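K.L.:
Listed here are the chains, written in short residue letters.
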Amino acid sequence: MADKVRFIIERQDGPDEKPYNQEFDVDYRPGLNVVAALMEIQKNPVTVDGKRVPPVNWECNCLEKVCGACTMVINGRVQQACCALIDHLKQPIHLQPARTFPVIRDLLVDRSIMFENLKKIQGWVEIDGSWEVTNAPIQNPYTAQLTYKLSQCMTCGCCLEACPNVNYSHLGIEGLREEKSAGAADFMGASPIAQAYLFNLNPIGSFDKPKRLNALMEKGGITSCGNSQNCAAVCPKSLPLLDVLAQVNRDVNVQALKNMFNF
Amino acid sequence: MFHTTFYLRRLHSLCGLLMLGFFILEHMMTNSLAMAGPQIFNMAMGMVEEIPKPVFYGIEIGMYAVPILFHGIYGIYIALQAKNNPRDYGYLRNWNFTLQRWTAWYLVVFLIWHVGYLRIYLKGITGTPMSFELLQNIFQNPVVAILYVIGMWAAIFHFCNGITTFCMTWGITKGPRAQNVINAISMMLCAGLCLLTLAFMASYFVY
Numbered sequence: 001m002a003d004k005v006r007f008i009i010e011r012q013d014g015p016d017e018k019p020y021n022q023e024f025d026v027d028y029r030p031g032l033n034v035v036a037a038l039m040e041i042q043k044n045p046v047t048v049d050g051k052r053v054p055p056v057n058w059e060c061n062c063l064e065k066v067c068g069a070c071t072m073v074i075n076g077r078v079q080q081a082c083c084a085l086i087d088h089l090k091q092p093i094h095l096q097p098a099r100t101f102p103v104i105r106d107l108l109v110d111r112s113i114m115f116e117n118l119k120k121i122q123g124w125v126e127i128d129g130s131w132e133v134t135n136a137p138i139q140n141p142y143t144a145q146l147t148y149k150l151s152q153c154m155t156c157g158c159c160l161e162a163c164p165n166v167n168y169s170h171l172g173i174e175g176l177r178e179e180k181s182a183g184a185a186d187f188m189g190a191s192p193i194a195q196a197y198l199f200n201l202n203p204i205g206s207f208d209k210p211k212r213l214n215a216l217m218e219k220g221g222i223t224s225c226g227n228s229q230n231c232a233a234v235c236p237k238s239l240p241l242l243d244v245l246a247q248v249n250r251d252v253n254v255q256a257l258k259n260m261f262n263f
Numbered sequence: 001m002f003h004t005t006f007y008l009r010r011l012h013s014l015c016g017l018l019m020l021g022f023f024i025l026e027h028m029m030t031n032s033l034a035m036a037g038p039q040i041f042n043m044a045m046g047m048v049e050e051i052p053k054p055v056f057y058g059i060e061i062g063m064y065a066v067p068i069l070f071h072g073i074y075g076i077y078i079a080l081q082a083k084n085n086p087r088d089y090g091y092l093r094n095w096n097f098t099l100q101r102w103t104a105w106y107l108v109v110f111l112i113w114h115v116g117y118l119r120i121y122l123k124g125i126t127g128t129p130m131s132f133e134l135l136q137n138i139f140q141n142p143v144v145a146i147l148y149v150i151g152m153w154a155a156i157f158h159f160c161n162g163i164t165t166f167c168m169t170w171g172i173t174k175g176p177r178a179q180n181v182i183n184a185i186s187m188m189l190c191a192g193l194c195l196l197t198l199a200f201m202a203s204y205f206v207y
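If you're matching them up, the sequences are chains A and B in order. Going by the working numbering, the first sequence opens with residue 1, and the numbers climb by one from there. Going by the working numbering, the second sequence opens with residue 1, and the numbers climb by one from there.
Note that these hints are calculated values from the structure, not bench results. This structure is a prediction, so every number in the text was calculated from the model and none was measured. One should not assume that every hint holds.
As the list claims (entries may be wrong) - Only part of the chain B face toward chain A is listed, based on derived beta-carbon distances under 8 Å:
(1) H3
(2) Y89
(3) R93
(4) T126
(5) T165
(6) K174
(7) Q179
To be verified - Computed list of chain B residues with no C-beta within reach of chain A, every gap over 10 Å:
(8) I24
(9) E26
(10) N31
(11) V55
(12) F56
(13) N94
(14) G124
(15) L135
(16) A154
(17) V181
(18) S203
Beta carbons: idealized from backbone N, C-alpha and C, even for Gly.
All chains should be built: construct the whole structure from the sequences, respecting the hints.
P.N.:
Rendered as structure tokens:
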């Protein structure tokens, strides 16, 4: 058991700055995790060379793997920093931002493109309108079990970071803003596809199924999936993404036939 | 409401498996005849020549050239989008994903050389008919023979892994269990065809 835990953190002073590495030592204590260690560094941001530096930027919120804010690349693998225990990690511990997204500063990234993609696939149930609102139709309890699982997605971005086909980093913060207004054209990754499926399974949400499937058939939709299946392997919520992707592939194929013949 | 990307990707998948898959299997069968000796192989080559020219060119252009150019050119576009990451995420499927793209790059170069030299230059321009002796002569250079074996292995892997991904893309195998079964079957096919390649390549050095 080492007294000190060595961190090698990839830092970046701004969106367009060059990344560089800095090393920090943190006192070991049982049950220490990466977020707690980052908090220690924040209290005393002194590198191993004894240089005082600006504290490392990162995001965290719930500290129990529910919000997804502290997603970062730890020892090469994307995960939540709050539940990455030091005892389970090889030292020195490398921390990097999830570079599939544009980096704002240090370990802080702009994941807002995921929200844009949820809007694109209509990740909600349309309930407001001029029609009468009555009791919702009941859902098959077996389907409900699956949808409960799918609803646990916390939009953390692990599936996007691990996917070799997703890359929003080249856009930069400025480009991201343009892309958001123009509608993202790069691959949206597994998470919004799973959410589209979730809302297609909802008895009321299924009214808009053709709309969602058509959105998924556009450029950057499910078509860009390359079957590397990293998404399912890294998903911290263990969503059944392989089943979802195959089922949605089926659904869009059927939708394509409908588009061809039903008009 | 016309989703160009969707139809291009699905067409890419279809013509890869059906057209080019058929093409690879046809190549495997014809080339296996080399194991039966020069006479049989040359007889088969002669039979190919017997096909009436308009039919032959029709098949060659419609079934081979056009699908392969489409699959190749659109495939380059797809491969360029990927940032391969098997070093960080060393899962089997991710390795297959990466290998699918690496073999694709090798095949682009290999096929330009293979088709350009054998079909366009030797057969098309100089009018040399394909024969056991011609190939034997070409494979005298061990570097060429090795590059050819790698080329065929690349094509076989690309095709067999393509079967697995085809089943995912079209939603035929839903879920990890069915996908693993198909993957195991196609990888066995891959191993079998790779061994077959070695066997018929060896026959050029035996006879």
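K.L.:
Each hint should be assessed against the structure and marked as holding or not.
P.N.:
Hints and how they fare:
1. Annotation: interface hint on H3 (chain B) holds; nearest CB of chain A at approximately 4 Å, less than 8 Å.
2. Because the beta carbon of Y89 (chain B) sits about 5 Å from the nearest beta carbon in chain A, less than 8 Å, this interface hint is met.
3. Because the smallest distance between the Cβ of R93 (chain B) and any Cβ of chain A comes to about 4 Å, under 8 Å, the interface hint for this residue holds.
4. This hint is violated: T126 (chain B) has a C-beta 41 Å from the nearest C-beta of chain A, more than the 8 Å allowed.
5. With its C-beta approaching chain A no nearer than about 4 Å, T165 (chain B) sits inside the 8 Å limit, and its interface hint holds.
6. Hint status for K174 (chain B): holds, given a least beta-carbon distance of 4 Å to chain A, under 8 Å.
7. The restraint placing Q179 (chain B) at the interface with chain A holds, with a minimum CB-CB distance near 7 Å, inside the 8 Å limit.
8. Annotated as non-interface, I24 (chain B) keeps its C-beta farther than 10 Å from every C-beta of chain A; the closest such distance is 20 Å.
9. The Cβ of E26 (chain B) sits about 26 Å from the closest Cβ of chain A, beyond the 10 Å cut-off, so the non-interface label holds.
10. For N31 (chain B), the non-interface assignment is confirmed: its Cβ lies about 30 Å from the closest Cβ of chain A, beyond the 10 Å cut-off.
11. With a least beta-carbon separation of about 32 Å from chain A, V55 (chain B) lies farther than 10 Å from that chain, consistent with its non-interface assignment.
12. Against the 10 Å criterion, F56 (chain B) stays outside the reach of chain A, whose nearest CB is about 34 Å from its own CB.
13. Here N94 (chain B) does not stay apart from chain A, with its beta-carbon only about 5 Å from theirs, under the 10 Å limit.
14. With a closest Cβ-Cβ approach of about 36 Å to chain A, G124 (chain B) is found to remain outside the 10 Å limit, as its non-interface label requires.
15. The non-interface label for L135 (chain B) is consistent with chain A: the shortest C-beta to C-beta separation is roughly 36 Å, beyond 10 Å.
16. Distance check for A154 (chain B) against chain A: the nearest CB is about 18 Å away, which clears 10 Å, and the non-interface claim stands.
17. Under the 10 Å C-beta cut-off, the non-interface status given to V181 (chain B) relative to chain A holds; the minimum distance is some 13 Å.
18. Remark: the non-interface label on S203 (chain B) is consistent with the geometry, its nearest Cβ contact in chain A lying 36 Å away (cut-off 10 Å).
In terms of the numbered hints stated before, the structure departs from hints 4, 13, listed from lowest to highest.
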